[in-house]
Amino acid sequence: MTGRASAGGPSAPGPTDAVPTAAGSAPPSAAAGPGAVVLSAAPARAARRADRHTSRPAGWGAGPLSARAVDAVGLEARAADLAGRSLKKATKGAALDLAVRCTDFTTLEGTDTPGKIVQLCAKARRPDPDDPTVPAVAAVCVYPEGVPVAVGELAGTGIKVASVAGAFPAGLGPLAARLEEIRWVVDQGADEVDMVLNRAAFLSGDYRRAFDEIAESKQAAGAAHLKVILETGELGSYDQVRRASALAMAAGADFIKTSTGKIGTSATLPVALCMGEAIREHAERTGRPVGLKVAGGVRTSKQAWQYLVVVYETLGPEWMTPERFRIGASSLLNDLLMQIRMQRTGVYPSPDDFTND
Amino acid sequence: MAGDGPFKLDYAPSREGTDIVTIEPRNRLFIGGELVEPRSGRWLTTLNPATEELLAEFADGGADDVDAAVAAARRAYGSWHRRPGRERAKFLYRIARQLQERAREFAVLETMDGGKPIKESRDVDIPLAAAHFFYYAGWADKLDYAFAGRRAAPIGVAAQIIPWNFPLLMAAWKIAPALATGNTVVLKPAETTPLSALLLAEVLAEADLPPGVVNVVTGGPATGAALVGHPDVDKVAFTGSTEVGKQIQRALAGRPTRLTLELGGKAANIVFDDAALDQAVEGVVNGIYFNQGHVCCAGSRLLVQEPVLDELLDKLKARLSTLRLGDPLDKNTDIGAINSRAQLDKITELVAAGVEEGGQLYQPACTLPERGYWFRPTVLTGVTQSHRVAREEIFGPVLSVLSFRTAEEAVAKANNTPYGLSAGVWTEKGSKILWMAARLKAGVVWANTFNRFDPASPFGGYKESGFGREGGVHGLAPYVRLEGDNRG
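The listed protein sequences derive, respectively, from chains U and D.
Using this note's numbering, count along the first sequence one by one with no gaps and you end on 1274.
Using this note's numbering, count along the second sequence one by one with no gaps and you end on 1005.
Quick caveat, the hints were computed from the structure, so don't treat them as lab data.
Careful, some of the hints might be misleading.
[As the list claims (entries may be wrong)] Across the chosen pairs, the derived CB separations fall in these ranges: (1) G1122/U - E823/D: 26 to 36 Å; (2) L1089/U - Q902/D: 51 to 61 Å; (3) V1264/U - G534/D: 20 to 30 Å; (4) A1072/U - A882/D: 23 to 33 Å; (5) A954/D - L1089/U: 27 to 37 Å; (6) A997/U - A882/D: 26 to 36 Å; (7) E719/D - A997/U: 46 to 56 Å; (8) V1264/U - A882/D: 33 to 43 Å; (9) A882/D - M1259/U: 29 to 39 Å; (10) D527/D - V1264/U: 43 to 53 Å; (11) G534/D - L1089/U: 52 to 62 Å.
Computed from a predicted structure; not experimentally measured.
C-beta: ideal position from N, C-alpha, C; glycine also.
Pulled out of the complex, with its shape left as it was, chain D reads as follows (with noise of 0.2 Å):
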């Protein structure tokens, strides 16, 4: 057997099938439990961001059909909100098969029209929608004892507008406490990934959720202002850019209407010297790479102590190099399509920015597709805390690494950035993550891991990256008012 030369174990495609999934030329809006087509007459395209293939065309939302899908939740409240809790939740249960049940359309759908690999959509974001549904199922007729010993109500109509990066699980994660508390619903999908929520609308009606209990507006920003803008909106909960975010609280100042962020990051993913090294690289990598860097709560700054920075980057560098780029149908896939070329522009800039002001910049070798928006996996060492990739959100699959010497100096630089979503820890010794956590300013800190959700779990930000919480019982209370809370 001597003399066998190294073999390559080229990982022949396996693609997932696309038959499963039936995308209509023209979506048209879900309003009081209809498709109905826009009274604004406008229509937007979205594209597969892997080929830049045209999928469908969908309607852009107006000012006008707003207005009606806000009276549509409005009508729908009033008998929504006095069902039992147990019954509500019978609705969310099925919602929560029916899920499962059409988990590999939704997973097919979902990456072909955000970029995000098979792998992800069919083992993260689906599963967790359906666990998201299945746990506020739980809670519709538990509330008197999340709040113990005060009577929860419902808010009323509800403006929920989500981001592109996880499109369906965000929905989930917005709808399930909202009608699991006896609120209504207006959600606007993001430009670029309208058609799982719309595939949702169709579980929706098939689940026999009352009409207008749950509405689907898609379009651009205008259309998102406008819900925002709308009078009889009683709450608004919005995940995405700072920037939007401070614009609707902006929009909202002076009006009774709740509100709840979901917004940037720019976590720290702190590793100390005496880590499990290569799990850290792991999850170094999965906070990061994971759906491209399209994640709010990235660990986009590795921080790492001294001792370990050569090691750490040499083991990242090399486990780099097998990371599998390309068509994000194929389930050995790791990294998959930039989401628009909008959010790649951005990324490119912001790279280049990093370079120039000193950093520098490590890529393993992978071919790219010809057609489609892609960008490598894409380290940035000698960062320094004054570099704007070190302080901007790049919302892309670019790591930037700092190092530090003790604990206070991690603390101080994972703190120092207008943002607080999230922070990872990795060392072995438990009271020193117990020390980190308690100093951390970020809403999620991950000790010996990165990227894990729970339903059971609450989720949300400090300082810049938002406030309220969802997930866990925390995620119930954006939409409840407590007896004798006069908000509202």
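Looking at chain U on its own, in the form it has when it is part of the complex (with noise of 0.2 Å):
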């Protein structure tokens, strides 16, 4: 293909337009991927323009409040283009069993007693009891209560113990009780804290707060992972979105996440994608990879896998995997089971064949 394109033209491989990315950085996807074809005849033009690209400042600039726009109709149309994707046969099977493996099996209601939770850990453990070849879940969620019985059901297990803290869902307790809360949950043995963003502060202009409660609340966790749930819903626009997102992962956040669940509306593709967008950039920027966590309203496969998807093409190969990657959900699990039974004996199983927890 290189000799078609430079048939005819005095082309040998030029010096490789070396791919500019900020100082110290490990962008998600190299810009000239490997085999990338590079050709110039004007070899010190090249070697001025990589100058030119080394000399770029790293970092925030003006920081999280120059954010870039979104589009709103761009993005959509580029996430519904993505949600077309066909995915079949191994590259199915594969993105089921992944899928499992992102989830954070999830519950959160004021009814979740230790038993329930006993449940829910088993099932984590061994989603599907007639076929251990399905992998176990990434974490449980739970509210700081059921921490001590999960960590005591997940010892030894793999298994992260996740905990929401801070005043979940709204996020408007005093400050000092949120942060005690979040310590309490690390205390008791959590490995993953998901925190709100102060939405009131965010919404009302007052970003120093937002972005230093977060700050706050990462050094309360220690050496947990923090998780900040921007409640994409609540935020108005995708500018908001990208926005929320620069400040959460500016002051520290190991994963944004999209919802608490407790909305009416929870994930999107689009905003996923423009979180997706937001992590991007951060990493080229930064090098700091964040993790992403898509939550609430996801409950079929095929949206686990647009979801998918929108991540891989993205943000690349490196986020497929549970460091990086998280969906939030409770009933989504079963589904999946189904598709990885019907994928491995080609008969649709009964949702009876499958524990409700």
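Assembly of the complex is requested from the two constituent chains, each provided in isolation within its own frame, with the hints serving as guidance.
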């Protein structure tokens, strides 16, 4: 192919147009991927350009408030295009397995008794009792009171215990109490903390407070992974989603998460794409990869793999792991199990073949 | 779960089946409502450009065939144009519905004959073709309102010559307004993509369109020339290259024949530093790689404001690496086959000239199928206004990148071309969009999007991109004679 493009030209492969990245960063998907064809008859110009790249300033510049604008029409069109990707056969099987491995199996009800959490953990360890080859989920996500039970049930399994904390779901308790709650769940053994962005501060323009609260929460969480829930259904625009994403990442979030699942509008494909683009830009600028968690309303396998496609095509293969991508869900798991059984046996199972927890 | 390596989401092939399509080994002409053998006795062949496999033979219409088709259109004109608009509308609605009914068949055929991804023929070409028939069906009984205070009469027999990049869609663009206004048609499809027009002829017959109202004469350049030169043609509508457009204009000089031309382009896609960059990248990709760049209004010149030039290029290159090139019938394919060997040679030649003149070529790694005509999505950076690739229409998946500093400079560079079909502006500032749109000499200016089409929106060029408008109420004008209008 190279030959075709260069036919008639004196175009020996010149010096590569070195892939420019911000200083010290590891881009999620290298711009000039391996095998890319780069030709130039003007090496001097190429070198000048490379110089210009390396002198580009790293970091945030004007800070999170200068977050990239988002065009809603274009964003939704791209999300719809990605939703049309067709997954078949082995790819579908691998995607279903990955979706299970990326699941934060969740119960967040006022009625979550220890008994309920024991059941949830049993299913998390072995989602399909009849098929031990189905992988375990990534984590179990509960309210703080459930943490000690979950920690006991999951000890030694590698499955993480995640807890919401910080006056979930509104996040409007006194800051000291919120930080104390975070410290408490971590003391009890939670590996991951799901906190909420202070939307009251964010929407009133008090970005400094919204930022500082996340930074303090990050400190309170210590070694535990901090997921910051943006509650995108309350932010009003993709511009705001992008801005909140940038703010949370700059404040130290290890993951940014779409929703609490407690309001009408939860995760959507365009919102996930918007946050993925923000994560990609953050990684390009700082070198720090931040994870993405979609939560709320993800009930079918098809939705799950549409999210996987969005993450894959936006952030690349490095994000296709539970360390960087999660789906917060409860009823999704059984649908994934049904699809996996269908893939492996060729027979559509009955919903009653799977445990209801 | 720690230690899981990177996961490769290899989309398995998801191929649209071809069983739905039946291709006759020999395809005759459609004249006077019948399929007829060519009087010329000559046949041409059409290939699948993705496999180089022979698809079918089709008639190479000669002067006698053109004459028969024009005569059939003339005979049909008498009763057709006297039908009330609401009656003509019924036929158009019927055709539109039938296109929707048989959408999958048309999509697969279009992709096989032309090489475009099934995703595009399925989601763009066929739905838009149906939409054009629906739209102009709505005008057929409202012509008195389209030209307030003046009576609109049809012109007569329209000769319509269409290109190979959107074969069915261009047929719809041309036929729908002509029939709505009471004209009859002789349609000449492109030499490399005759099949969907012939399937359309089948649909027209099924819709009981009176014989001769639309005739399809396939063939090569000589067929087109015979049609343009036919003395009983009242109106010529041509979409294609500027070179052929000029030949047609010369051929019609001194004759009363009406003419509209929709020709080439070298559109500027202008990205300001305040644009929504991630969506701008999508728009740039859609602007130039849609339909392998075989789009007259393609955004083939990318003008980027200098502060975001490097960032945009990084994002663009990363995005290119995710484009999927290959089997056009695969639903996951983004980039299909180049339409013909001749076009591939032309693209190859121009890109080589671009590199020779100092442009830096970038192409993402992707495996090209062994057979068929393919060209990797290509970006040429370091291009200046004087380079051939910045001035000549390439009509392929090749983007030339230039930079600018101010809005004035962007306008000056965008307009500094013999063409003027389309332009794109990417900025979050509304006032800047309006300021730019008022100054860009282009028939279509897209703001924060590109290659969006709608039957209600007029489409056409400035300068060497042609004249006349298709689509919208404006698209009726080329097909009517207004009371008191003495031309023709």
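(message) Looking only at beta-carbon atoms, does the pair A997/U, A882/D fall within the given range of 26 to 36 Å?
(response) 27 Å, holds
(message) Does the beta carbon distance between A882/D and M1259/U stay inside 29 to 39 Å, or does it fall outside?
(response) 35 Å, holds
(request) Please test the hint of 52 to 62 Å on the beta carbon pair from G534/D and L1089/U. (result) Given range 52 to 62 Å: holds, Cβ gap about 56 Å.
(message) Is 51 to 61 Å respected by the C-beta to C-beta distance linking L1089/U and Q902/D?
(response) Cβ of L1089/U to Cβ of Q902/D: about 58 Å, so the range 51 to 61 Å holds.
(request) Look at the Cβ atoms of V1264/U and G534/D and judge whether their distance stays inside 20 to 30 Å. (result) 24 Å, holds
(request) Go ahead and decide if the range 27 to 37 Å is satisfied by the Cβ distance of A954/D to L1089/U. (result) 45 Å, violated
(request) Could you see if the CB distance from V1264/U to A882/D stays within 33 to 43 Å? (result) 41 Å, holds
(message) A range of 26 to 36 Å was offered for this pair. Does it hold for the Cβ distance of G1122/U and E823/D?
(response) Holds, since G1122/U and E823/D (Cβ atoms, about 31 Å apart) stay within the stated range.
(message) A range of 43 to 53 Å was offered for this pair. Does it hold for the Cβ distance of D527/D and V1264/U?
(response) Hint violated: Cβ distance 26 Å, outside 43 to 53 Å.
(message) Taking the Cβ atom of E719/D and the Cβ atom of A997/U, is their distance within the range 46 to 56 Å?
(response) 32 Å, violated
(message) Taking 23 to 33 Å as the stated bounds, is the beta-carbon spacing between A1072/U and A882/D within them?
(response) For A1072/U and A882/D the Cβ distance comes to about 46 Å; the hint is violated.
The structure is inconsistent with the numbered hints 4, 5, 7, 10, although it conforms to all the rest.
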